[in-house]
Structures are given as structure tokens and as C-alpha cells.
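S.K.: Listed below are the residues making up each chain.
Protein chains: 2
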Amino acid sequence: MEPSNTSVVSLTLGQYDIVYNSLSFTIAAMGAAFVFFLMARATVAYKFQRVTEVAALIVGIACYHYVRMFGSWTAAYTHTAGTNGYTPTGELFNEAYRYADWLLTVPLLLIELIAVLYITGNRRAGMVRNLVIAAVVMIVTGYPGEVATDTPTRLIWGTISTIPFVYILFVLWTEVGEAMKRETPEVASLLFGIRLLLLASWGVYPIAYLMPLFPIGAADALVFKQVGYSIADVVAKPLYGLMIYAIARLKTQQENAPAPDGASVPHDDTVASPGSKAI
Amino acid sequence: MEPSNTSVVSLTLGQYDIVYNSLSFTIAAMGAAFVFFLMARATVAYKFQRVTEVAALIVGIACYHYVRMFGSWTAAYTHTAGTNGYTPTGELFNEAYRYADWLLTVPLLLIELIAVLYITGNRRAGMVRNLVIAAVVMIVTGYPGEVATDTPTRLIWGTISTIPFVYILFVLWTEVGEAMKRETPEVASLLFGIRLLLLASWGVYPIAYLMPLFPIGAADALVFKQVGYSIADVVAKPLYGLMIYAIARLKTQQENAPAPDGASVPHDDTVASPGSKAI
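Taken in order, these protein sequences are the chains called A and B. Residue numbers are given in the numbering used here: position 12 of the first sequence equals residue 119, and the series is strictly consecutive. Residue numbers are given in the numbering used here: position 152 of the second sequence equals residue 259, and the series is strictly consecutive.
What the hints contain is simulated information worked out from the structure, not anything from laboratory work. Keep in mind that the hints are not guaranteed to be accurate.
[Stated by the list, open to error] If you want a taste of the chain B side facing chain A, the calculated C-beta under 7 Å gives, among others: (1) Ile168; (2) Gly197; (3) Glu198; (4) Ala203; (5) Ala207; (6) Leu211.
[What the hints assert, rightly or not] Computed footprint of chain B on chain A, listed as stretches where at least three residues anywhere in the stretch have a Cβ under 8 Å from a Cβ of chain B: (7) 265–277; (8) 314–328.
[Unchecked claim] Beta-carbon label-pair distances, calculated as ranges: (9) A:Phe277 with B:Pro259: 49 to 57 Å; (10) B:Ala353 with A:Gly324: 51 to 59 Å; (11) B:Leu303 with A:Val247: 19 to 27 Å.
Note that beta-carbon positions come from the ideal geometry of N, C-alpha and C, so glycine has one too.
From just these sequences and the hints, can you work out the full model?
M.R.: Written as C-alpha cells, this is what we have:
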């Protein structure tokens with residue numbers, strides 16, 4: 108297994124800049140989402156607070172990795188004075204930050220979704236375990252292909268990694284569908300949005316992964332891959348977290364709404380009691 | 108589309124310093140505002156807390172981008188020993204940080220204002236959606252003109268970008284006017300101030316944008332543009348946020364004021380109950 112050769116191509120100013128600015132934009136988005144989810148915690152019922160905490164951890168971890176990636180990117184290239192181009196410095200851009208990030212955040216993303224679908228139950232514990240194992244297999248087998256310099260190696264590991272990928276998406280799709288049947292129409296419509304978001308964000312990863320195989324030149328392939336992963340991460344972490352939070356808010360409000368006979372549930376009990384279990 | 112050539116002009120000591128100090132001043136203002144809005148959250152009614160959170164996120168994101176811009180500025184120029192001048196190092200000053208910042212903060216600024224005008228309702232959701240779409244179009248079409256090296260490109264993209272710009276200002280102007288009619292005189296007078304602030308801050312951006320077309324030399328144009336954008340950002344983010352916060356405070360006090368028959372609404376219920384919806 109050879110290290111990635113992505114850092115050994117020269118880039119135009121525009122190619123360098125779009126990756127540079129995508130990485131910086133993602134740092135800002137993740138950092139802002141981190142602050143938001145920490146504050147959002149106080150606005151949902153106690154049993155959903157763990158969900159907003161997990162959302163905060165996910166974007167906090169991603170923020171850290173994007174800061175590292177930004178530093179690695181600027182170290183890997185230098186502007187050639189008097190030209191419009193960037194040449195490699197010899198330092199390699201460290202692709203492994205993304206995989207280290209996913210190894211931590213993808214299990215948390217799965218826990219986040221399952222936690223808002225099922226608050227309790229043995230069924231949930233077993234499902235989370237299977238999904239987390241599949242996620243780890245997906246990420247660990249994806250990495251050798253990501254840093255491969257030859258097409259067969261990328262394709263073989265990519266194919267192996269696709270098996271747990273499809274399994275996870277299938278389970279989530281089915282579980283969200285089941286949940287849509289038992290929830291109120293308002294919650295169901297948010298769950299419909301979550302389904303679309305899952306497809307949109309998870310769908311980008313395999314495309315970005317295969318980018319080096321497209322006949323578009325190594326520099327463009329590198330740029331599309333980095334920008335693609337960054338966009339997918341913004342959709343899959345802060346935006347996805349916002350939708351999960353919207354569900355938690357709506358469920359909190361529904362449970363606090365006056366009962367049909369006019370008696371209202373006391374607020375404080377729902378928000379702060381340590382009796383119920385979230386994760 | 109060619110990259111900006113703003114970093115290839117030499118600057119006098121004074122020109123370099125005024126941008127340097129404007130960027131640093133703005134970091135301090137944004138950072139202080141971030142801490143303030145986080146603390147302000149506890150001082151308004153629950154339904155306005157989201158407004159102060161959004162205000163905090165806006166200045167937090169801007170603080171991050173000004174730190175980056177400051178670094179990019181110091182990397183782009185070097186002091187020529189024994190002279191009064193700064194010459195380009197070859198590193199380019201990254202103008203895109205402003206656009207990345209606006210892409211995140213302008214939608215949040217719109218949400219912040221609409222959220223303090225209308226607390227609930229479908230009308231608000233639709234209005235926010237239209238305004239956010241217009242903001243994204245405005246920023247994305249403004250950028251190619253910003254980094255253009257020739258006048259026609261700057262003018263064409265600038266003109267396209269002005270259409271959503273005018274639309275947004277018109278909608279905000281009208282909506283604030285409507286709100287002035289239904290609010291108490293105290294709130295209406297703050298809203299009058301918000302209107303002036305919107306005109307003052309939003310009005311600076313097009314002037315700064317067109318600065319490179321003024322017959323004042325490339326170095327002065329660069330300086331006026333950077334200082335102009337920085338001033339406009341301080342007015343449009345921390346000062347604007349403070350006025351929005353003043354409205355939220357006033358409305359909180361009005362709602363907590365003793366009713367005409369002398370019975371007062373308990374504070375705690377209004378400040379901390381999770382029943383009502385802010386965003």
C-alpha cells in the first residue's frame with residue numbers, strides 16, 4: 108500500500124483556492140454548529156438532551172479535523188511567485204484526517220438518529236451495535252483504497268467498503284420509514300426530510316471516492332474529491348443535526364401541549380427530571 | 108475569471124497599517140460581541156433566546172474569518188527594510204474569506220431580524236426561505252466580480268448581484284415598517300433605528316465593492332475596500348445585533364409588566380419554559 112499521490116500534482120491558483128476556501132468554510136460551519144448545539148440542549152425535553160449533546164460532539168470533532176486538514180493543505184503547497192500556480196512543497200496532504208474523523212463521527216451520527224427514533228428499548232441497543240460495527244468496517248476498509256495509487260486497489264477496497272455502506276443505508280431507510288408511520292404528521296414530514304438528506308449526503312461520498320478514476324486529470328480529481336467530501340460533511344453533520352434537533356423540539360412541544368381535557372403537563376418536570384433515559 | 112491582483116500592489120506604511128489595524132479592531136469587536144450575546148441569552152424571554160443565540164453565532168463566525176483575514180494580510184506583505192513601504196510576498200491575500208463569511212452570516216442576519224419581528228407563523232417561514240435564497244444568489248454572483256481584474260466583469264457580476272440585494276433590502280424595509288405600526292412606541296422607535304442601520308451598513312457594501320473602479324490608484328482602492336467592508340461588518344453584525352437584543356429585552360419587559368388589573372406574570376415561566384417556539 109503506497110501513500111496517496113494527490114499532493115504531487117501542481118495546481119492552478121483557482122484549484123488551490125477552492126479547496127482552501129472549502130476547508131475554511133467547513134471549519135466555520137462546524138464551529139458555529141458546535142456552539143449552537145451546546146445551547147440547543149436546554150431547549151428540548153430531558154430525554155432528548157443526549158441527542159443534542161451527540162450532535163455537538165460530532166461537529167466539534169469535525170471542526171478539529173478540518174482545522175488540521177486546513178493546516179495540512181497549506182503546508183502541502185506553495186505559491187510560485189510571479190505565476191498563477193501552486194506547486195507541491197514535498198509535505199503530503201494527510202487524507203487520513205477524514206478517516207479518523209469518520210471513525211469517531213459516523214458511529215455518533217448513527218446513535219444520534221436512532222436515539223431520536225427510539226428513546227428506549229432493547230431493539231435499539233442491538234440495532235446501534237450492528238450499525239456501529241458496520242460503520243467501522245466501512246471506514247477501515249475504505250481507507251486502503253482511498254490512499255491507493257492504482258485503480259484495482261481502489262476498486263477492490265471500495266467494493267468491500269460498499270457492502271456495510273449499503274447495509275447501513277438500508278437499515279436507516281427502513282427504520283426512518285417505520286418511524287414515519289407511528290409519528291404525528293409534523294414529525295413524519297421532518298423524517299421524510301431526514302431520509303432525503305441521508306441519500307443526498309451519503310450519496311456524495313462514493314462519488315468523491317471514485318473521483319480519481321474519472322478521466323478529468325489528477326488536479327481536478329483532487330479538487331472535486333476534497334470539495335465533494337467537504338460539502339457532504341456539512342450536509343451530513345450540521346444540517347442533519349439541525350433536522351434531528353427540529354424533531355426533538357417538535358416532540359418536546361407535542362409532549363408539553365395541553366392534553367385534550369385542557370390539563371397541561373408541567374414544563375419543569377419534562378425538561379430537567381433525571382428519571383428518563385436518552386442514550 | 109482571473110484571480111484578484113489586489114495583493115500585487117506595493118503599499119505605504121500608512122496604507123498597510125490602516126488595513127492591519129481595521130482587521131484587528133474587528134476581531135476584538137466580534138469576539139467581545141460573541142461573549143456578550145452568549146450572556147445576553149439568559150436576560151430575555153424564552154421565545155427570544157434563539158435571537159440572541161443567532162446573534163452570537165453571527166459574530167462568532169465573523170470573528171473566525173477576521174482572524175483568518177488578519178493572518179492572510181500579514182502573510183501577503185513584508186516590510187521592506189529601511190523604507191516606508193510594504194511589498195507583496197507572493198502569498199495572495201484571500202478575499203474569499205469575506206464571501207465565505209457572508210454565505211453563513213447573511214442568512215443568519217435575516218433570520219435574526221425576522222425572528223424578532225414575527226415569533227410564529229407560516230408567513231415567517233416562507234419569508235425567511237425567500238430571503239435566504241436571495242442572499243445566497245447575491246453573494247455567489249458577487250464573488251466572480253469581486254476577484255475580477257477587469258472592469259466589465261466586475262460591473263456585470265456586480266449588477267446581477269444587485270438585483271437580490273435590492274429585493275432583500277426592500278422586503279426588510281417593508282417588514283420593519285409593518286412591524287413599527289403594530290408595536291408599542293418604544294419598540295417602534297428601536298425599529299426605526301434598525302431601519303437606519305440597515306441602510307447605513309448595507310449601503311457601504313456596494314461602495315466598497317466598486318472601490319477598484321474609482322480613479323484613486325490600486326493601493327488606495329484596496330485600502331478603502333478593506334476598511335469599508337470592516338466598518339460595514341461591525342455595523343451590520345455587533346451593532347445590529349445589539350439593537351435586535353434591545354428590542355427583545357423591551358418586549359420581554361413589556362410582557363412581564365403588571366397587567367392593567369395589577370396582576371403580574373411570573374418571570375420564571377416566561378424566561379425558561381420550553382413550550383413556545385422561537386425559530
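S.K.: Take the hints in turn and mark each one as holding or not.
M.R.: So, going through the hints one by one against the coordinates:
1. With a cut of 7 Å, the hint placing Ile168 of chain B at the interface with chain A holds, because the nearest CB-to-CB distance is about 5 Å.
2. At its closest, the beta carbon of Gly197 of chain B sits 4 Å from a beta carbon of chain A; the interface hint therefore holds under the 7 Å criterion.
3. Taking 7 Å as the C-beta cut-off, the interface hint given for Glu198 of chain B holds, the closest approach to chain A being about 6 Å.
4. Annotation: interface hint on Ala203 of chain B holds; nearest CB of chain A at approximately 5 Å, less than 7 Å.
5. Against a cut-off of 7 Å between C-beta atoms, the interface hint on Ala207 of chain B holds, since the closest Cβ of chain A lies about 4 Å away.
6. Restraint check, Leu211 of chain B versus chain A: the minimum CB separation of about 6 Å is within 7 Å; hint holds.
7. With 0 residues having a beta carbon nearer than 8 Å to a beta carbon of chain B, the segment 265–277 of chain A misses the requirement of three or more and the stated coverage is violated.
8. Against chain B, the segment 314–328 of chain A contributes 0 residues with a C-beta closer than 8 Å to a partner C-beta. That does not satisfy the three-residue criterion, and the hint is violated.
9. One distance hint, 49 to 57 Å for the beta-carbon pair Phe277 of chain A and Pro259 of chain B, holds here, with the actual separation near 53 Å.
10. The supplied range of 51 to 59 Å is met by Ala353 of chain B and Gly324 of chain A, whose beta-carbon atoms lie about 55 Å from each other.
11. With their beta carbons about 58 Å apart, Leu303 of chain B and Val247 of chain A fall outside the hinted range of 19 to 27 Å.
In the structure shown, a violation is registered for the earlier hints numbered 7, 8, 11, in ascending order.
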